[in-house]
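Chemist: These protein sequence lines are chains A and B, in that order.
Per my numbering: the first sequence = residues 1 to 368.
Per my numbering: the second sequence = residues 369 to 736.
Please note that a few of the clues may not be correct.
Unchecked claim - Here are the simulated DSS-like cross-link-like pairs (lysine-lysine), alpha carbons at most 30 angstroms apart as the crow flies:
hint : chain 1 : residue 1 : chain 2 : residue 2
1    : B       : Lys515    : B       : Lys696
2    : B       : Lys515    : A       : Lys39
3    : A       : Lys147    : A       : Lys39
4    : B       : Lys407    : A       : Lys147
5    : A       : Lys39     : A       : Lys328
6    : B       : Lys696    : B       : Lys407
7    : B       : Lys515    : A       : Lys328
8    : A       : Lys328    : A       : Lys147
9    : B       : Lys515    : B       : Lys407
Since the hints were derived computationally from the structure, they do not count as laboratory data.
Protein chains: 2
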Amino acid sequence: MRVGIIGGGQLGRMLVHAGQDLGIECTTLDPAADSPAAKVGPSIVGAYDDPAALDRLAAVSDVVTYEFENVPVETAHSLADRLPVYPAATSLETGQDRLAEKTTFTEVGLAVPMFAAVEDLASLEAAVEAVGLPAVLKTRRLGYDGKGQAVIRRIELLEDAWRAIGEVPAICEAFVPFDREVSIIAVRSRDGDVRCWPLVENHHREGILRLSLAPASGAAALQAAAEERVRALMERLDHVGVLTIELFVAGESLLGNEMAPRVHNSGHWTIEGAQTSQFENHLRAVCGLPLGDTDARGHAAMLNVIGREPDPQAVLAFPWAHLHRYGKAPREGRKLGHITICGDDEGTVRERALQVSTLLPIPEPWPI
Amino acid sequence: MRVGIIGGGQLGRMLVHAGQDLGIECTTLDPAADSPAAKVGPSIVGAYDDPAALDRLAAVSDVVTYEFENVPVETAHSLADRLPVYPAATSLETGQDRLAEKTTFTEVGLAVPMFAAVEDLASLEAAVEAVGLPAVLKTRRLGYDGKGQAVIRRIELLEDAWRAIGEVPAICEAFVPFDREVSIIAVRSRDGDVRCWPLVENHHREGILRLSLAPASGAAALQAAAEERVRALMERLDHVGVLTIELFVAGESLLGNEMAPRVHNSGHWTIEGAQTSQFENHLRAVCGLPLGDTDARGHAAMLNVIGREPDPQAVLAFPWAHLHRYGKAPREGRKLGHITICGDDEGTVRERALQVSTLLPIPEPWPI
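Chain A with its partners taken away, still in its complex shape (with noise of 0.2 angstroms):
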């Protein structure tokens, strides 16, 4: 079997690992040469929407997918009329709009806290009054890692808001005061199996993912809703592949924030502390073969490298660290690698995680 993987990022590159093992043939496709997963398997290096690049691709693939959700949905729909691909562009196109998604959420039955769509400063007005402020002006396209996105506090910064984020077609949501952030991430099958990691505890810092905890603590009663809703969610997408959800939990309630239509970086610790990766199931299910047990193997914490990367000597200097490596040069911001920490129990994972990110350039506060 070989797959076509839309994006080279580290995403794809540990795709492409997975893959590897499994014999699955996996080739990559972005406008980088130097990705992180040229370095580690086949590649073609050209536009997400050019069409000889995509012809190159669907010669060597048997089916398609993709890294990220800002495929192209032309793209999408361009290879589907030659192979198969998965997840199909129903899913695309409801990651890639806010407004889709937070209706497509509410129509599984997944609450989501109150919003409006935004089409210009008027109907941002009537949005605010709808939903109340504090209210969180998004974008409905292309935001990730907190980009495109400007919180309003106050009536009078409405304006400045709708400028900071572009004018562009929006979305304003009640600003909900919730304890934690939590994700779901699952993988259907072509035939409809569905398995479910369990919950993931995330922890974000200036918009960015810096530290992930599975299973999610004390997370055990909100394991079945969570499941129940991803499940409607991907069998209404007709998903295949892997599908994350970031939640908002506030008391015992799960609030829909957003969808990932594909594997995702609070998946990332399931490589080891997973009995089966959210990379290899993301393969298996669009190659159609039968899925992996999801169960956890005890506790996991999962750092994001972000900006620069520490002393890999420092790092592996703490026996337990499972240190990833993306390639990519250091740039502000930027995704650069993740470390994995396994334990038998919470205690110790947490107390290890916070050893590591003393290496780590963390902004203050430490999350836990």
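Following the hints, complete the assembly by docking chain B onto the known chain A.
Modeler: Just chain B now, kept in the frame of chain A:
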């Protein structure tokens, strides 16, 4: 850090994978352009004694290691004149000569079956007289997977055995009625730190490893003795990297059978089954990085896939099976992949191994 690896088989491939995560750039050297390792990373095509190929390898390496023990010693010496080679030639030389190997075992306090050197028919007669019948005649060099060996059960068949092994310098050993075979896999860093994985129980058929179980059942009492011996051996050889000793267990005694100065088939389970895999720790050692924990994560079984591959669909239908395919064409007796099974207890792992075995052409009877 850049590591040159002599040999591009499956061991080289798994080293390359481990290196990619650590940011260690591995380049393999192999006579075959389509070697398993060449499919996952940069490679040089050339003979192991081709000076031009060795020059090219040296040019892209900060340190050189190897993935099989029959690397020409001259190759190791030639490279060592230019850059560090780990493990050093002493380990290679010892591992390539069964007489040196057994002699070194005894020198570090590891008991061995009674043995004698054989140069010709006359010395073979003397050797059999010394060690008794049945005896095992083994070529001193280039034996692996049961090749280059003949069992002598009756004195009349002595000449047949001598012809069978090709009338080359040999070693004649007492045939030991052992209870089972185990291996100790250990790693030593450049600064002398030593870590050992738990003893592994190995089952061979037709001279080829079929099944490993780790930790070896009821072997806790033997662990300390095995660790003491392997440590002494590595110190004597000033070995850097992974080293494996295959041992016979006879009652409460360990007898040294053979060593491999490299990562070993009986250590493949460490990828999922141990805190740090043998591949990662080998690279850490040769690169001068700190070693990772070698504790087992529960119990594991590893089944070799030999000769022909089972349908991946059938293997992966066991949701707990970890499939590793090497990208090799099928051929009788050839190692094409392996399947690792993990579980919380030994009984579960044995039961699962039995289930997977039904998909494999393992000669009857099932080993366990």
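Chemist: Each hint: holds or not?
Modeler: Comparing the hints with the structure gives:
Between the alpha carbons of B:Lys515 and B:Lys696 the distance comes to roughly 21 angstroms, so the proposed pair stays at or under 30 angstroms and holds. Between the alpha carbons of B:Lys515 and A:Lys39 the distance comes to roughly 38 angstroms, so the proposed pair goes past 30 angstroms and is violated. Between A:Lys147 and A:Lys39, the direct Cα distance comes to roughly 28 angstroms. Compliance with the 30 angstroms bound is thereby established for this hinted pair. Distance hint between B:Lys407 and A:Lys147 is unfulfilled; the C-alpha atoms sit about 38 angstroms from each other, more than 30 angstroms.
With a C-alpha separation of about 10 angstroms, the suggested pair A:Lys39 and A:Lys328 falls inside the 30 angstroms cut-off, and the hint holds. This hinted pair checks out: B:Lys696 and B:Lys407 have alpha carbons roughly 10 angstroms apart, not beyond 30 angstroms. Proximity of B:Lys515 to A:Lys328 is assessed by CA-CA distance (about 46 angstroms); at most 30 angstroms being required, the pair is judged violated. Restraint check for A:Lys328 and A:Lys147: the C-alpha separation of about 21 angstroms stays at or below 30 angstroms, so the hint holds.
Note on B:Lys515 and B:Lys407: the hinted pairing holds, with a Cα-Cα distance of about 28 angstroms set against a maximum of 30 angstroms.
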